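**Q** When you get a sec, could you build the whole thing from the sequences and use the hints?
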Amino acid sequence: MANIFIFLSIVLPIVFGFIIWFRQCDKVSGLLTYSLLPILTFMGFYVYSVDASIYIHTIGLLDFFIVTFDFFLLIYFAWIGMQRKSNLVIFLAIVQFILLIMVISIAPEVNTANIYVDKLSAMIYLLVALVGVPIAIYSLKYMDYNEKRKHTFIAIVVGFLGVMNFIVSVNNIEWFFTLFELTTLASVVMIGYRGDKESINNSTLALWMNQIGGVAILFSLLIMIKDFGVYHFTDLWQLDKTTITMAAFGFLSIAALVKGAQLPFHKWLLGAMVAPTPVSAILHSATMVKIAPFLLLRLSPVIQDTLLSKLLVLTTGFVFVAAAVFALTQNNFKKILAYSTISLLGLMMLAASIGSSMAVTISIILIIFHGIAKGFLFVEAGILEKLFKVKYIEDMNRLLEKAPLTLLFIIFGFLNMTFVPFGSFIGKWLMIEEASNFLSKGSSVLLIALVAIGGVFLSVLYMKVIGVAIKHHRFSKIKVYPQPKNFLFVSVWYYAILSILTIFIAPFIANFVSPIAIFITGKANGLYADGLSLVLGNSTLEFWQIIGAMILLIAIHVAPFIFKFKNVEQVHPYNCGEITKRDAQSYDFNFINNYESKINMIAITLFISVLIFGGNLL
Amino acid sequence: MSKFRKKSPWILHYNTGGCNGCDIEILAALGPKFDIERFGMLNRGNPKQSDILLVTGPVTLKCRDVLRRLYLEMPEPKVVVAMGACTFGGGVFRDFYHVENGVNNILPVDVWIPGCTPRVEALIDGMIKALDVWEKKSKDKEYLNNHSEELLKEIGAIND
Amino acid sequence: MIGLLMTIFSPIIGGLISGVERVVKARMQSRVGPPILQPFYDFFKLMDKRPIMIHSFHASMGVMYFISAWFAFAVLMLGNDLLIAVFFHVISILALSMGAFSVRSSYSIIGAMRELIHLASYEPVVILCVVGLYLSTGSFDISVILSSSNAPIFTLPLLFFAFVGAIPMMLHKSPFDVAEAHQEIIGGPDIEYSGPFYEAVYTGRWIENVFVYFLVFLFGGGNFILGAFLVVATFLLVTLIDNSTARLDYQRMLKFAWVILIPMAVFNIFFLALGGN
Numbered sequence: 001m002a003n004i005f006i007f008l009s010i011v012l013p014i015v016f017g018f019i020i021w022f023r024q025c026d027k028v029s030g031l032l033t034y035s036l037l038p039i040l041t042f043m044g045f046y047v048y049s050v051d052a053s054i055y056i057h058t059i060g061l062l063d064f065f066i067v068t069f070d071f072f073l074l075i076y077f078a079w080i081g082m083q084r085k086s087n088l089v090i091f092l093a094i095v096q097f098i099l100l101i102m103v104i105s106i107a108p109e110v111n112t113a114n115i116y117v118d119k120l121s122a123m124i125y126l127l128v129a130l131v132g133v134p135i136a137i138y139s140l141k142y143m144d145y146n147e148k149r150k151h152t153f154i155a156i157v158v159g160f161l162g163v164m165n166f167i168v169s170v171n172n173i174e175w176f177f178t179l180f181e182l183t184t185l186a187s188v189v190m191i192g193y194r195g196d197k198e199s200i201n202n203s204t205l206a207l208w209m210n211q212i213g214g215v216a217i218l219f220s221l222l223i224m225i226k227d228f229g230v231y232h233f234t235d236l237w238q239l240d241k242t243t244i245t246m247a248a249f250g251f252l253s254i255a256a257l258v259k260g261a262q263l264p265f266h267k268w269l270l271g272a273m274v275a276p277t278p279v280s281a282i283l284h285s286a287t288m289v290k291i292a293p294f295l296l297l298r299l300s301p302v303i304q305d306t307l308l309s310k311l312l313v314l315t316t317g318f319v320f321v322a323a324a325v326f327a328l329t330q331n332n333f334k335k336i337l338a339y340s341t342i343s344l345l346g347l348m349m350l351a352a353s354i355g356s357s358m359a360v361t362i363s364i365i366l367i368i369f370h371g372i373a374k375g376f377l378f379v380e381a382g383i384l385e386k387l388f389k390v391k392y393i394e395d396m397n398r399l400l401e402k403a404p405l406t407l408l409f410i411i412f413g414f415l416n417m418t419f420v421p422f423g424s425f426i427g428k429w430l431m432i433e434e435a436s437n438f439l440s441k442g443s444s445v446l447l448i449a450l451v452a453i454g455g456v457f458l459s460v461l462y463m464k465v466i467g468v469a470i471k472h473h474r475f476s477k478i479k480v481y482p483q484p485k486n487f488l489f490v491s492v493w494y495y496a497i498l499s500i501l502t503i504f505i506a507p508f509i510a511n512f513v514s515p516i517a518i519f520i521t522g523k524a525n526g527l528y529a530d531g532l533s534l535v536l537g538n539s540t541l542e543f544w545q546i547i548g549a550m551i552l553l554i555a556i557h558v559a560p561f562i563f564k565f566k567n568v569e570q571v572h573p574y575n576c577g578e579i580t581k582r583d584a585q586s587y588d589f590n591f592i593n594n595y596e597s598k599i600n601m602i603a604i605t606l607f608i609s610v611l612i613f614g615g616n617l618l
Numbered sequence: 001m002s003k004f005r006k007k008s009p010w011i012l013h014y015n016t017g018g019c020n021g022c023d024i025e026i027l028a029a030l031g032p033k034f035d036i037e038r039f040g041m042l043n044r045g046n047p048k049q050s051d052i053l054l055v056t057g058p059v060t061l062k063c064r065d066v067l068r069r070l071y072l073e074m075p076e077p078k079v080v081v082a083m084g085a086c087t088f089g090g091g092v093f094r095d096f097y098h099v100e101n102g103v104n105n106i107l108p109v110d111v112w113i114p115g116c117t118p119r120v121e122a123l124i125d126g127m128i129k130a131l132d133v134w135e136k137k138s139k140d141k142e143y144l145n146n147h148s149e150e151l152l153k154e155i156g157a158i159n160d
Numbered sequence: 001m002i003g004l005l006m007t008i009f010s011p012i013i014g015g016l017i018s019g020v021e022r023v024v025k026a027r028m029q030s031r032v033g034p035p036i037l038q039p040f041y042d043f044f045k046l047m048d049k050r051p052i053m054i055h056s057f058h059a060s061m062g063v064m065y066f067i068s069a070w071f072a073f074a075v076l077m078l079g080n081d082l083l084i085a086v087f088f089h090v091i092s093i094l095a096l097s098m099g100a101f102s103v104r105s106s107y108s109i110i111g112a113m114r115e116l117i118h119l120a121s122y123e124p125v126v127i128l129c130v131v132g133l134y135l136s137t138g139s140f141d142i143s144v145i146l147s148s149s150n151a152p153i154f155t156l157p158l159l160f161f162a163f164v165g166a167i168p169m170m171l172h173k174s175p176f177d178v179a180e181a182h183q184e185i186i187g188g189p190d191i192e193y194s195g196p197f198y199e200a201v202y203t204g205r206w207i208e209n210v211f212v213y214f215l216v217f218l219f220g221g222g223n224f225i226l227g228a229f230l231v232v233a234t235f236l237l238v239t240l241i242d243n244s245t246a247r248l249d250y251q252r253m254l255k256f257a258w259v260i261l262i263p264m265a266v267f268n269i270f271f272l273a274l275g276g277n
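Residue numbers (our numbering), protein chains in the order written: chain A, 1 to 618; chain B, 1 to 160; chain C, 1 to 277.
Pairs of lysine to any residue residues, derived as SDA-like cross-links and limited to a Cα-Cα distance of at most 20 Å, are as follows:
no.	chain 1	residue 1	chain 2	residue 2
1	B	K153	A	T580
2	B	K7	C	Y41
3	B	K137	C	P196
4	B	K7	B	D110
5	A	K150	A	V15
6	B	K6	B	F39
7	B	K33	C	S30
8	A	K148	A	D26
9	B	K6	C	V23
Don't read these hints as lab results, they were simulated from the structure.
Nothing here was measured: the structure is a model prediction, and the numbers come from that model.
**A** Below you can see the structure in the form of structure tokens.
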């Protein structure tokens, strides 16, 4: 039964995508996307509840088909490169073509299942269902506002969900490469969707950057086959950890870092903002960039406690801080969100590359909660753009008067990214506690400092953005304007998921996330739920703390609607008694731009050191 | 509760264009020798948190409306103390082209401190008198002299 | 039990600290100063004022600041994880800065922005301080820290000084009172509050006093006398610095925190960790 559900999880969205594309009709699109929500959720949950790893042997024809498809894909990339006159793309496509031929020529026949699904994959199925599908639903309405080829777009989005489900279920790294390239193709198509000059440029950027990731995977495959003779994730785990060389994993980590848009390869993810907002939403939340921490989680059993893992920790920790700092200087709302994604991806990958049972748990917690919150925030960013014509921080000035409900959702999303009872906080908290446990091993002091500093910068960033938007005139009436039902449904959906998960966060983490980590690492992490309180060793996040913080934060962000003090006179704000224009803005932190090149240099250095020292290439 | 009121008067000091003689005396009162913080007095510089408006100077036309706005921003119960001769009728600045001839027709003043400039002792004495006045005041709203909607609109207190 | 009592009476303790501080400050300037109960007289006076506000949201944020500061202190006293309490503290900063951002007053907005810079300056130091306490005593649990036989101050001297350096930032004391800056932006985030609403902010500040000095007390470990001595010494030192220095701008504050305090804290933890191996 589980096998059928896995098959359907992968194929159904793709088939639905094709149907939507052929029919090009509102009714069909609506029906199919809405129906995906319960179907995919149910199937994901079923697969999750199976308590064993599922291996599926596929027929040889499929292997042949996928390899052929891969060659066509690379030819298509080269063709895109020729069309856009980008020599880099052509060059990388040719390199990949040659490397792929080499890989296939030396790849031995291995009798390992090509599909391997464990709880981690099932968790991502669920994430795709609960976070990805609502974005497709959202784009049903979004694309009605001055956008072309609505149904084609929805078809791509829905089909992409299937591809995402596929990539997390493969075991064969050769297939992984194919699907990696397929997601690259999807991002290129989606980023270049509007077809104007900027979109095309940005999609070319995304193409070649991701192609570098593809080249890295191919190199890694070559080395892997030459050194170990295996090219399946499950086979890699069986290798003797004391003797293996790290070169192959170094290259795979580079692929992960590129896909996860870590500095200095962050530009492609920023470029995604020229596309319609659902594209950003889907790239940032459930799919695409989450491949990066997923890949590192797959590798973590092998690379744990090696130099590679330590260098990865440094690199991603640095990105966590640097991206948060860069985010402070931005004035485009979607760019701020993008930088904070890059930053938090750094944290996820940091946790994943540590690889202890607790760290894996942290990584998964962050994947889940970041996915939901970021999807939520991008959905709201799209609503702001379409309904209220707000794109920049300057336009967000006094947003509460224009769009109170949307602002409420945005604040809730932001609160979810750093504040106390929410998932991302739990990630940070557990990270510091976990790192404190192995402080005596040295580098963790730096890790703690990086996590603390990055977290503070993100808090400052979110409070700054909230602050700009929350400003309002003393007599302005805060009333809710009607929104399209579709938008409201998606917003309330995310809001409800986040609230419910947060209130029951202790059992959720202990009974849902922990088993995944235990499944991957085979070790217990000492985390359990006592009623609704989360217990870790001597420390407890008690339920009264969770619910108290929840009430405080909810009261804070719905305060414009609920707190109305009658019988209190309103006076004008103090301005030394003068009447002048009151248009104070927040700091722009532009001085940080002076350090941009230096920060990029450090990022590049760390990046190369991951490859050379981590992969032990010297 | 109102019996604690006397122990914590916070001062808003505003110079409406005088010669600064009074202001120097006020600074002396804050310093170690006289130390009016003994009475819990603080110079807040913020009308929203102040109780005593300490005005000096003859009120130039430029700062007339500023004075009105500052007064309006102060929450009741509040006391206005006018210090120095020029607050009462303009003093040496009387009938100059740019002055309003004192605070009389702008704010309802509770305590006058005479002298040009008054001694610090006189200032402290005046403040203590102001406390007595303040203690008897209620939370009812107080108005500017010649209060009217037009005036409020004119000084931008209604729609800013 | 003591924790519960401390939580309930923390506003009163904080008020006393603030009263003593005003007296000590006055004596250092060779003034007589107000009575020790002065903050409470201010409290009753402010309650007795006619309430006015800019708008309801702003006023409610003042109250939320007080509640969340108190809640953070409750988490510190009643919970068993120091780190969580430190993160709870950020909620109160959120309420304060959101309220300050919400009015169209330049001073208030500048103050709120500076408040965030304060946060960026001291928060890493405080987190490192908590980690250092863990390293020294083996637990994040306050009751364990307070019953440990060796006082953390002896293993964490540099970290302690880094924390003392961060206290003026947390409590808005000179030279790092850029967010309040009474002569410049007239109180920053507090400026638009008045009457009972200012009262809430004022009391919230007292609780922050208790919060911070309790963290100092933890450096004494199981030796309560040493802890009390540390608190008094820190208090006097901070007041002395407050009296004898001029305000620095926010860049210098940020640089001081990042170039001096954080490396100090990191080095201390680093050497302690390696020494323990």
